[in-house]
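4 protein chains.
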Amino acid sequence: MSLLIKNAAVYDGFQSYKADIYCEDGKIKEIGSKLEIEADEKIDADENLLMPGGIDVHTHLDLDLGQYRSIDDWYQGTVAAAFGGTTTVVDHIAFGPRGCTLQSMIDTYHDIAGEKAVIDYSFHGVIQDVNEGTLKELQKLKDEGISSLKLYTTYGGMLDDEEILKVLQAAKKSGTVICVHCENDGSIALLREEAGKEGHLTPIYHAKTRPNATEAEAVNRLIYLSELADYPKLYIVHTSTQEALNEIKEARRRGVKNLYCETCPQYLLLTEEKYTEKGDLEGLKYIMAPPLRQEKDKEALWKGIAEGEVDVIATDHCPFFFERDKLNGKDDFRVAPGGVPGIEERIETILTEGTKRGFSINLLLQKLVVNPAKIFGLYPKKGSISIGADADFVIYEKNSYTISQENRHSTCDYTTYEGFKSGFKLDKAIQRGKIIIDNGELRVSAGTGKFLERQ
Amino acid sequence: MSLLIKNAAVYDGFQSYKADIYCEDGKIKEIGSKLEIEADEKIDADENLLMPGGIDVHTHLDLDLGQYRSIDDWYQGTVAAAFGGTTTVVDHIAFGPRGCTLQSMIDTYHDIAGEKAVIDYSFHGVIQDVNEGTLKELQKLKDEGISSLKLYTTYGGMLDDEEILKVLQAAKKSGTVICVHCENDGSIALLREEAGKEGHLTPIYHAKTRPNATEAEAVNRLIYLSELADYPKLYIVHTSTQEALNEIKEARRRGVKNLYCETCPQYLLLTEEKYTEKGDLEGLKYIMAPPLRQEKDKEALWKGIAEGEVDVIATDHCPFFFERDKLNGKDDFRVAPGGVPGIEERIETILTEGTKRGFSINLLLQKLVVNPAKIFGLYPKKGSISIGADADFVIYEKNSYTISQENRHSTCDYTTYEGFKSGFKLDKAIQRGKIIIDNGELRVSAGTGKFLERQ
Amino acid sequence: MSLLIKNAAVYDGFQSYKADIYCEDGKIKEIGSKLEIEADEKIDADENLLMPGGIDVHTHLDLDLGQYRSIDDWYQGTVAAAFGGTTTVVDHIAFGPRGCTLQSMIDTYHDIAGEKAVIDYSFHGVIQDVNEGTLKELQKLKDEGISSLKLYTTYGGMLDDEEILKVLQAAKKSGTVICVHCENDGSIALLREEAGKEGHLTPIYHAKTRPNATEAEAVNRLIYLSELADYPKLYIVHTSTQEALNEIKEARRRGVKNLYCETCPQYLLLTEEKYTEKGDLEGLKYIMAPPLRQEKDKEALWKGIAEGEVDVIATDHCPFFFERDKLNGKDDFRVAPGGVPGIEERIETILTEGTKRGFSINLLLQKLVVNPAKIFGLYPKKGSISIGADADFVIYEKNSYTISQENRHSTCDYTTYEGFKSGFKLDKAIQRGKIIIDNGELRVSAGTGKFLERQ
Amino acid sequence: MSLLIKNAAVYDGFQSYKADIYCEDGKIKEIGSKLEIEADEKIDADENLLMPGGIDVHTHLDLDLGQYRSIDDWYQGTVAAAFGGTTTVVDHIAFGPRGCTLQSMIDTYHDIAGEKAVIDYSFHGVIQDVNEGTLKELQKLKDEGISSLKLYTTYGGMLDDEEILKVLQAAKKSGTVICVHCENDGSIALLREEAGKEGHLTPIYHAKTRPNATEAEAVNRLIYLSELADYPKLYIVHTSTQEALNEIKEARRRGVKNLYCETCPQYLLLTEEKYTEKGDLEGLKYIMAPPLRQEKDKEALWKGIAEGEVDVIATDHCPFFFERDKLNGKDDFRVAPGGVPGIEERIETILTEGTKRGFSINLLLQKLVVNPAKIFGLYPKKGSISIGADADFVIYEKNSYTISQENRHSTCDYTTYEGFKSGFKLDKAIQRGKIIIDNGELRVSAGTGKFLERQ
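Residue numbers (this note's numbering), protein chains in the order written: chain G, 7 to 461; chain L, 7 to 461; chain R, 7 to 461; chain W, 7 to 461.
It should be emphasised that the hints constitute simulated quantities derived from the structure, not laboratory data.
Copies of the same chain look alike in the list, so a pair counts if it fits in one copy or across any two.
In silico DSSO-like cross-links for lysine-lysine, where the CA-CA straight-line distance does not exceed 30 Å: (1) K142 to K214; (2) K214 to K179; (3) K214 to K178; (4) K427 to K12; (5) K40 to K456; (6) K178 to K362; (7) K179 to K456; (8) K179 to K362; (9) K280 to K309; (10) K179 to K203; (11) K309 to K380; (12) K362 to K255; (13) K440 to K456; (14) K214 to K309; (15) K255 to K380; (16) K380 to K404; (17) K404 to K387; (18) K302 to K178; (19) K280 to K427; (20) K203 to K178; (21) K263 to K203; (22) K24 to K380; (23) K404 to K263; (24) K142 to K203.
Given the structure is predicted, the values throughout are model-derived calculations rather than measurements.
For reference, chain G alone in the conformation it holds in the complex:
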């Protein structure tokens, strides 16, 4: 099985050049000028942008939250991803029932995902029970290619400081990356309760009851705990505030190591005005945690990208129906499920807004593809256009079009970025040398995605 791509304007995350690319057995075999090689399939990229396939390391597909379940399953979610130029996801799986092993959660997700995924995938385990058994599993999971775990400082499955430190100590030994959702639980609980008492129940109070300090505090706490564990790899998910980013910057300046910072398109593109500008009902669409923030935070995050302080842009894709689910919060924002769709919009929105702000496409690809691959043990198999790497590509035209619910592929009945004018339009997505999307059509079926053992 071979593929020859002609006339590509290659952007590999580092350099850009015109080239033809020849792939064999799912790998990149030759990059050259005017290659004349026989191939089973041949594409003319026609001077369009060819980039490594996108890697989204923060998704919640088919996530069971008890009362709610995120509405994209592994088929629909990965289809939307593919249409968004993403050919690899690493999903934050659900908490298992308390008392179960990490392995059993992973096994469950292998079952859920395996037959459905149309793109390659892996999982971050989620740890909520810290005990001798689960701590020992870190090494075991690492050996099986699950080299990252997630924990929460809030919500039902949250860990306390002692438990977190135990996890970090174990991760230091096994080399596991620990992803953390950082929010101060106690103060948010109190502020929500107070909002309730005062009848402050419209969506804007979702933002007001999770002030910036609640994120910054938790980020700082995690960093100090990581210091106590001699700096295992610590990855802060969905950083949304200037204050949290500043804690990360200051930490790096004082010598903290192995610290990674993720943000998401919603924090780079939207602000808390969304909770009010089209009325309270519409505001429910943007209930997510952390909430949308202010202009100054948005700008600080873009500055963090420029200064190299933000490492990754992932989505936290976790959609719920507006009509069926979100509107339950119409009298009380606290009842609406938290999460928004985004898996399909990540690359086109960030390339559009990023280049408008003067960032190079290659710099943006660092955040969208290269760093995610490196941090989570996928590189250079994924995330690289180089000889021997997986032949995962996306080809984008510089054509503008408007994002809207009609042209989305998620199950969701709305898009977070309705009306966004994209300057980039996906032409093709290629995985392991096979065209999976071509000119708006899916060319693979459920189950063709492969599980990725990570280092």
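Could you slot chains L, R and W onto chain G? The hints should help.
Below, chains L, R and W alone, put in the same frame as chain G:
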């Protein structure tokens, strides 16, 4: 009742000048040159240093810790204070039994202290039960002159983040100063448990199991929680690390208000070498929390004094017998009671070391007397040499002598500063115009100290 | 000769208290409550504010600039000062003719000032010829009580870096304070020339051709040169920009010593809008160097006061007639003489605006009186309300009135602060125990001011 | 003319991968796995490291200094470069005679270099006469491919601040990069004169008379001047001190743009101990400006590499004979010519020390090859391993050997890095698809290097 002091070299915390001082009815009535006024009592200060009476806002007299009780009661403790040039203490009283009101704890301490104190005094309440009732008491206590409260982020009576935020919100309304003992509870618990398992039980492990990050984390957390409560007065007790001080500095730079920083002589004069240099048994004498730190921390704290980042030097005086109590920890540092004597040594050690480092006496008095008075609502009644202020003075000779157990007045069987060469020696202590110490002799009896209602 | 002041609300720059003050032979003899002492003169302060007499360490009286001469001579200038609550000036005298000794310049100014001054005074020498002779004079002048010198990095008498370093080296030995006017000469020259070519000749171009970077650069350069001379006392005059203040802050953080920062009321109260808001002609009134800056600079300077980074507020008083002198610049701002009146407005404007911003009167007096006295070797003779200090006081009522040209005492035909609503009104000024201003009337005649030998 | 390289371990400054590379007509044509292509020449890289050819943007070949002339001409200098893995130099040519045009200097160097260079080359012009004519030449030279210029803040041809600002303004328009040698002229002149008077004439006084502050001051000054010219491209050459690097960092933090920082191997590998450790005569070998610095500076520069603050590592290669030239300074360091050889040692020393410190080879190549190419308008023709780029490569074995005078190719009679144990040994150098060095032998002759027009 009147007193005339002749020929004083006055240091009032701001200025120095030669003067005579005339006091009437316990107040400063005249300051002048060559005053010729009839007075009931007359002193010739003989060009010695006359300063406002010392104010120690962090003591633990007669503190019931369950298994142990701090061994200086309100008589012996205030006598030692007076011999150390301190004429006012504000004591961190014990936790009451769970469920009791704050008022009942205060009442208990009025009973304990009232008949014994030889110097003026007040209390910080300690809050361990956060509920509607105790939160309402903040205003009530404030009205009665108890304008500060303490809480802990560790130990049995610790509060969690939600409770702390509630206290801070209430304090914002009542104007109460919240003093906080900042250490990360969970990580210290784990490190101590691990030390136990590994047989790391000598006193140096007391320091190693409370690393600098555990203090800095808690300080930062408190600052963010105070931000959530719109900046009530937050007072960090016994700051011991460069890292915690840096968090305070950074917070002030980003605009955090009403934040105060205390340190203690032990952190300015001693380092963790004390845990080992004379053997493990001797090391037990220095078990206290936070523990002694490293040279770099000591130097950072002095720099903090120079830069105005440290506001107060208090003692955390909390003595236990070495032979009877501390030595219980000879096989396991965790069994030894935590706390050291220091109420008597504060002023002479800090003046000696401080002037050696080039600090002016007046700057040091800011930290020892003026700021404590201002922050805790005692100024200008206490802490000021000005017309109308309480006539509380201490007169020091610039004579050197060596601090040793033999010349101490605490009940304790050792001094934390054994062998320290002091360059200052107390000649007299005067309270409300009355000489209470004269040339090494106590001239008042138990119960002459007065309770101070603070603003 | 004695004076008794009754019922004063004393603000001494450190503390405030109610007291009576008794003075004898020009010195403070007693401070007390209800003093009953016979005195030659007796005042009832009537609970008004009594503060130490103001000290203005940056004035240009009778300054010969060649084409122009500042229009307040030592009589009219010191009268205006006294009406502004200032009882001591230290004047930056003119450059002598090139080649003359520093001593001869000082002698000249003794002649000019001696018979005219109505308040006490001293001089900063100005050094423009750096040679073996003048360098040796630093020690000699110091011995005679001239303990500070000024140099310029721009204008005709400017020194180059090598000369500056020589002066700083000599000052390190003699202990002389070196005051520096910091602006980058070459770039301002070029920008002015370019403005000329482009016909940019209205007053706003005075500001635009001296951008913030020109000040910050020179400040930084001086700090590095002072480092090369092992940190003699370096005093930056009229700091006007956030950027320059930041250089000072950063320098202090990296350990630079003996560095002092002055600003002036014009930079704390006015902005470059003055150059345009009432038309270009009116704008000429504000031609001074450095020029008025932007809102952000003004705010940064007030923040610098709060953070202790600004040490002194002086005036740079250097008036010229609007009609006769300033209007010469009506077709070309470069022709107008640079300088504004301000000696009379300093204390009342700063107290008014400062207290409105929440600063305490005592903190403001640190900048207006205490620090100038300390830095320039006048303290505690001047700048202190303490036993033995000179009996220099000003008494202010908290009465509001509007500053206007009609109620000024400078020779100048306009005031920089026309229309400013002051919240403080001078009642009396007292020098060495003698009332020199009383209820709007001058009670002394030319020549009663004394030359002050400084340490 | 074609070349096939088999089995290379490619390090392209971004990624590493195993590949074969096929070049045609001097360009990279194909990169692939197991390429089977007929080629005129074929190399087996044998799994050795293949990197883009080195680019040294700071050399002084055949530099006329009046009394002295740097001893490597364009033949011997470029031969040494090639043996050091450098296939492109951009040389800082000499000052022309005062009054000549920039063009005439460039022409002169075309003559000097053209017939001798064995590798590709370009020039930075040097501007010492600032006038309307030379300022206009910036655009003209830019159009001819001379897109960078150098100026000095010290030495005979130095510019003053006004002239520098004029150059920066012109450079802003033409897009020319301005390289600056930053040292404070006046203070160094004075310190050297004083050293002379005091008989401090051994080589260590070369370092002592150019203290760190002299560099930091000039760097800061240039940055402010660049701000006044609205940020033309400003490139600080041979940054040698922590203080200067800090000024660059701080500037970037406050938003300064288009600022680049170069350092050199001597500042990353050697310290001022070299001036004394083998005696004063030996110390003369290290006379260069700026001088060698202290350990803390060296470490700060490596930290700057880690943090992305240092952009380029170039050599400042400027050799003089030890016996004939340097020893002239044996009684007075000021007489010895300033400059050291280094063109041959750059890549091997930095790769060796850098990888020992944990830096990746690709990160080091950013500083050695990629950034120099990008900043100076050579990229991606030079500095890139991508389709269409010039086929300039160097192949290194990971073999250790010791650098010594015997194995050098410069004319010089000593090497700055005598005894350095290199972990990398050049196997081949290839330029435009042609092998120019093979296994220790030069395979090209004088004049084969080509002049590079830069963007």
